[in-house]
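Use the sequences and the hints to build the structure in full.
Protein sequence lines correspond, in order, to chains A and B. Quick note: the first sequence uses our numbering, first residue 1, plus one each step. Quick note: the second sequence uses our numbering, first residue 10001, plus one each step.
Simulated from the structure, these hints should not be mistaken for lab results. Glycine included, C-beta positions come from ideal geometry on N, C-alpha and C. Hints may contain errors.
[What the hints assert, rightly or not] From the structure, some residues in chain B lie toward chain A, with a derived Cβ separation under 10 Å:
hint, residue
1, M10182
2, P10384
3, Y10453
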Amino acid sequence: MTRDYAELQVTSNFSFLEGGSHPAELVETAHELGHTAVAITDRNTLAGIVRAHVAARQCGIRLVIGCRLDFVDRPSLLCFPSDRAAYGRLSQLLTQGKRRASKGECPLYDADLADAMAGQALVILPPDRPDEKFAQQVRDDARRYAGRYFIAAQYRYRGDDAARLDALHRLARAAGVRLLATNDVLYHQPERRALQDVLACIRLKCTIEVAGRRLEAHAERHLKTPAEMARLFRPWPDALAAIGDLVERSRFGLDQLEYDYPDEVPDGRDPFDELVVRVERGVAERYGANPPDKIVKLIAHELSLIAERKFAPFFLTVHDITCFARQQRILCQGRGSAANSVVCYVLGITAVDPNKFDLLFERFISTARNEPPDIDVDFEHERREEVIQHIYRHYTRERAAIAATVIRYRMRSAVREVGKAMGLSVDSVAVLARTIWGWSRAALTEAQVREAGLDPSDPLLARVLDLAEELVGFPRHLSQHVGGFVITRGPLAELVPICNAAMEERTHIEWDKDDIDALKILKVDVLALGMLTCLEKSFALIETHFGGPRHTLYSVPQDVAGVYEMIQRADTIGVFQIESRAQMSMLPRLKPERFYDLVIEVAIVRPGPIQGGMVHPYLRRRESREPVQYPSAALEKVLGKTLGVPLFQEQAMQIAIVGAGFSPDEADGLRRAMATFKEPGHVVKFRDRFIKGMTENGLDPDFAERCFKQIEGFGTYGFPESHAVSFAFLAYDSAWVKWRHPDVFACALLNSLPMGFYEPPQIVRDAREHGVEVRPIDVNYSDWDCTLERDDAASTRLALRLGFRLIKGLAEADMRRLVERRGEGYRLAGELHRRGGLGRTVLADLARADAFRSLGLDRRQALWAVKGLDETDLPLFALPEARPSREPAVTLPAMGLKEHVFEDYRTARLSLKQHPVAFLRESLAQRKILPCAALTKTRDGRRVAVAGLVLVRQRPGTAKGIIFMTIEDETGTANIVIWKRLFDENRRTVMTSRLIAVSGLVQKEGIVIHVIAERLTDLSADLRLDGEDLPLSHSRGDEAIHPGQDHRVLEQKSRDFH
Amino acid sequence: MAGDRPLVTVATIGNRRIVQSVDELAAACGLLPGLTLADARAREPGLEGIEADPAADRAALARLADWATRFSPWVAPVGADALWLDVSGSVPLFVSEAALAEDLLARVRRQGVGARAAIADTPGGAWALATYRAGQDPVIVPPGGIRAALADLPVAALRLPVEIVEDLRRLGLGRIESLYGMPRAPLAPRFGEIVARRLDQALGIEDEPISPHPPILPRLERIGFAEPILTAGGIERGIRFLLGRLCRRLEQERLGVRRLELACYRVDAGVERQSIGTSQPNRDPAHLARLLVPCIEQIDPGFGIDLMVLSASAIEPQELEQGGLLPKAHQPEDGAIVAPLIDRLANRLGAANVLRIVPADSHVPERAMQLIPAFETMPDGDWPTDRPRPIRLLSPPEPIEVMAPLPEDPPLQFRWHRVLHRIRRAEGPERIAPEWWRRIGLINAPDDLRDYYRIEDEAGRRFWVYRQGIYRPDRRPPWFIHGLFS
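Right, here's the structure in full:
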């Protein structure tokens, strides 16, 4: 009796909400149990096989590549390709199914099989009770697929197994095919039954209490030992013997995928030669006829690496894309590890001149780290779609698609769904889920459970949390990557199935970034960045209004002292990366005075360095309050640039290498383990190894501990140096625009929203504080975008005219038409309707926004006029004068200023007429509440009271439950710090106040002022008008309103800290 | 619903959870309908949120409307939370308008319903005052005083669409008063006819008829007595009269009742209620009377009953019956014959004491059925047929002594009640694991996965036996017999 067994019917958790184990768990367990091979056969998808492939390669078990095909019109089949070509056909078949359906579905028909079936072995899955219809199907199939066709045989513990298997055996023999033993596996070990049941409940949208017989009756669908399988199938030895034959003929493995990058050079020239030509041209442009020696050497080195690794076409692709963007005047900038290279610089992909910036280490492609080069290119966020569609056009949809992102369960979603399935009340589930801030994957602590008002010792709750923890990391669905493109020479669908994305005109493949990395498939990252949009708009405005050649990212005058002075004052609202509250409180202490200081500023105010406790040592050293020391001479080389404090990702890696004796590969493995959270066990292993290595090298264990903590932070939030340099460029450029042309800057920012940290009211206010005259929206002067107006040729400052885009609910096309037909201007409301072609609803919106002032109408009169328009009048032809007024005159009550301000906020989120708090100033003054501006003149340590509109509330994960709040009155803003205890006592006041009064202690550090709150009072009621609250819109940084924001996706935003 | 935690009802709108209504505590915390649940919770973490049930709210309002017919025959629900009563004829019964309103409010509040009331010349005006004039309770507007009473209410009190209310407010016409002096001509092109019409209706310039509340409890019959009745005989005649009318209507509509409610209104303002249920839809007046008449002894007529209302509170479709060709005794024994028996038993022994076995959805055999009161509606779903199950299930399963050759093999013979059965045929195992979610928190739950076998002994008797747990070197799992197939 043979004891060889290989499980060939395995459903992993990439059959969403069905499989109860990760592909890697399944593969590793099969290996441990002694299976000779294993397959992962998910339903109509190959999404999980790369994970399985990597796991199989690591533990040394053969992975049989296959897939379960579910059809609309015939029984399901397991399909196992025998070679690369057959695999290509399978992938093509899945693509066909996915492309014809909406996101997430894959309808297949028997007829589709015809083209795809060459070279596949097929296993039909019989129904619960095989009948004559099934028998007929088997006989038909057997004729078509003679010699490579099997019937799956499972021992299912349903009582009738012997009879059923005997019947299948007879059927197989009669049809001349064979049985194939499988265990129809759903999870790697029986302990996962509970989770699998819960997944089924989530899928069926019911609670476990009522799921009943839709769940499995037992826990038998796990991977079993070969001996156990042999025992179960003792009466049907053929079914076991067939396994070996099928494994033998299904020889295809993912390592046979030869990834072909497109040549990029049409006429058969060698891509490398082409690259050399372009690089030489670039060198001449950048450095003239005599490039520095250092550059020549570096280029030779890089080119030899590129030649060796055959990456030339990849660089050509990125170069072509950036060239396209430049032609279209779309700003772009590269970053990423390969962006450190001279090649990228001379090709114009990046701005980091290696001659100027002695970048720390070569993280460019290295031979040691066998991985593809990493280049991310950022484009203007409003125009990135043009680049994406260009790529689709250029390479065609057959050869280009976006990578997938596997959306996984986070703790919050896991608790919510497990709780629901286990029958917890909607209420408790919501409370629990709410306790988890943001995107945490960490388990809930007992304290958190108690904070939610629930009992952590309740067994049901404990079980829910355990199951939720188990569910965290499970894939939930596939989505498109933010911008990673995969491009191939041949049809991409033969490499990996392609599906429709939820977004119109987008397709993505089934594999994500890690999968692509593992298979060494190249990916070009086409990302979107709001600040690039803003800068491009700024440059266009400067060109229009001030003349001169159009600026580019790199033509802005560098090292301007005034710009740094402005930055040191933390006068940085709107400036890229250094506009957050955290950054602004750091700037006056760091006092950046040259470009590299900005690089550090960008990198230091990140959760990585903050969590690692690196910020304050750096500050002290920078302020010369602490001597600069290096833990060892070897580390001095690593840390010299940053005063002995590791701030960049490369430094952390380098410490692992130099300090703890890691190999470069290990160091990179460590970085990856941190970044992905997937295997917490591995992190612990690395940790022990790291601390041990450091102490063995004679380094202080405390320092080792700190370094490791920081590396942990880097996994998610750290910046590599080149990345920080690229971002610092944008920070400098945007600061320069703000310093030189505050009018232009405000205008461009407003026209690029949503982006960055601030909302229109703060941007407008900041512009006014910089002496920019801001003019209201008006039907006769405004455009869709905000514009700049020059009253006479002599004036250097332009006035900022707000645009229609600030009014909620208007359509851009309507407003553009209004502007186009404005001619000499509109004199009567009726003209806007007849000539401007706008309907009554749109005009009413404009009236509500008070945009009729140039017609001599305030919002109330305008609304009355607009409401009275006769919609049946023919537009364009009827002359306004021709229509006599038939109506009795109506005198409407006059509108008060406060009412106007309220309406301004309601329609455009801001008012130029008055700040709402100004209406209360008198009563605030009676209560001895100071204007915010008075804080600058208040001594440190004084007890004061201030009041203002609440702009931002943040509870950074790094700050132990402290709440940071920014309030604003008519004189300025104030930064409030609320300790956890006060917050707990005043939770409602903190979370819901629109207008708040804060009394507390003034704390001054240089020009940074905080008020440490001692007492909070909700004054919102004072601000009401006729019982209605001021319609205030909250900043995108306000976590009380937007708690779910993923701060890692929105990279231009940094998290707050103190 | 009073509790110590603020309570709100919540509905899912789009993908947001929106607060629909708030109780007094929640209102005192500043929570308002329209907030998202998340925001509300941010303000008040102790908040309790329950699912809004608009259908049940409508039904409750309809019930209240029905009940309120004791104050006036003309009652109509308005919107989701108000009732109109035309009390013009009823006031004399209560001496004064104020007395009527106070009596009404007191009775409504006794039912646990928060309420406000206003009496005015026009339904529109009364609604406006009851809804927007807070603090005064009840509001009684003397004839002709409506114009003044409404003057400073917001225009929303005219039951106008929110967009119009908003625009009027923006135009500075936020109070009803500001519309009084307004020329009518410019209003229509701007807001349609509705503003002028609602205003005129509220002021009584235009008539607004109250349409009696729609028949949400449609199968309802009533009889009023000029002379209050006091005797059982009188009540029974009333019942039979009402049943006759009700059943005729049901026959036309092909409906049968599952539940009947009888309300007897006493002259002293009390209500006597009785109800009966049936196991199957029924509209036979004689049968229903047999069930209802015995209830009369529990009705206390007090100083006399002046109104009886019979309503079918649960109805189901019932097809037309065809008279049989055979005499009754030859008809098959089916539900048509059992049902009246069940009804009589249940109405005599108590509805909770006559039970019916229905399938339940579980793999575990003893959970695969449940007992429910015979009057409850049969749950959906039939008895499953995909696995063989014995006709009789032993409860609890009884231990047996078994000889089995190998761990996973069926028994060769077993002893039950001292009788030895030799096994001729066997099928299995069917493995059923315990439902882990029912065992959360149980310490040391035994390893009681079961392997079931269907076996037949030499005498052809079939049994359902199982082994509890699997063999381990240190453990011989026990066997049980759980059912008999014949």
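request  = Provide an ascending list of the numbers of those earlier hints which the structure does not satisfy.
outcome  = none
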